[in-house]
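Enquirer: Read off the chains here:
Number of protein chains: 2
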Amino acid sequence: MPRRREGKCACKGFYLERFVQPAVLLAVYQAPQHGFSILKQLSGASIVPTAGEQPLDPTGLYRMLKRMEEGGLLSSFQQHTDAGIRKVYGITPQGRECLRSWYTTLRGYRDGIDELMRRILDTVGMENTL
Amino acid sequence: MPRRREGKCACKGFYLERFVQPAVLLAVYQAPQHGFSILKQLSGASIVPTAGEQPLDPTGLYRMLKRMEEGGLLSSFQQHTDAGIRKVYGITPQGRECLRSWYTTLRGYRDGIDELMRRILDTVGMENTL
DNA sequence: GGAGCCTATTAGACTATGTCTAATATTATA
DNA sequence: TATAATATTAGACATAGTCTAATAGGCTCC
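Protein sequence lines, in the order shown, are assigned to chains A and B.
So for the first sequence, the numbering used here puts the first residue at 1; every next one is plus one.
So for the second sequence, the numbering used here puts the first residue at 1; every next one is plus one.
Hints may contain errors.
All copies of an identical chain are treated as equivalent in the list; a pair is satisfied when it fits inside any one copy or across any two copies.
Keeping only pairs whose Cα atoms sit at most 25 Å apart, straight-line, the calculated BS3-like set for lysine-lysine is [said to hold, decoys possible]:
(1) K40 to K87
(2) K87 to K12
(3) K66 to K40
(4) K12 to K66
(5) K66 to K87
(6) K8 to K66
Keep in mind that the hints were calculated from the coordinates and are not lab data.
Note that the structure is predicted; figures quoted are calculated from it, not measured.
Model the full assembly from the supplied sequences, consistent with the hints where possible.
Expert: Put into structure tokens, the structure is as follows:
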């Protein structure tokens, strides 16, 4: 028996894409850094669906970093600090290219959302309920 | 060995949320109808990430309809036509409430995307490359 | 009449990603 | 000394996009 979500409908912003990939690319574009640093940075600033105000999940981020490195979007090197060894990620030329693609994609995506919102408003007419 | 996607990076719009749920709610709000009718309607008008121009996948839609009915957002009845029996979906009061939530969520989501785009532009400065 | 297309739906698998619990190890602080 | 913060990983589940494929009836065109 599936342990269905309770009250976590996508209409409240749960389980929506959070654009971790472009947010990561942007972060390491600005400055190469390690996972936890990116985690803290994005927890305050990445796309966060409204209702939950969910902080960014660490597991998902670290998995994404790994996949992005495998995909050639990030490169990493070991940094030996007094606190131990950390993996520092930087952006690759392919990652920069990817970030440019993201910009175009996001623009089209936003326009599509705007269009959907317009259609909802036209049909439902929620001026009084919102 | 995972059969990884080739050239289907999310930055090109693949595997992004397509907002099938609110699009379905809107369609059946306008007029109760059966799955294939919704499929045809949404294939031209739902949120479609740019690059792929992918048509809406039937399997995903029919699965979504089933889940939405289970979740109380849609109700259905059997319609006996000369071409056989079809399941006609309509929106429930809970579905209408969900659609209203979607509007608010979409607005916040779009604003988040706008913010991300602004940050990308500020950092990368792509006036010349776009 | 058969080939191929349109309608209409379902099954099953795989992929990407969000979310959750939990575990581990070190260092800093109260 | 307890506990909070730093830093990362493992494993599982949920949602949803995508793909191949199968079925079955009705239609048109050659």
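Enquirer: Please list, smallest to largest, the hint numbers that this structure does not respect.
Expert: 2
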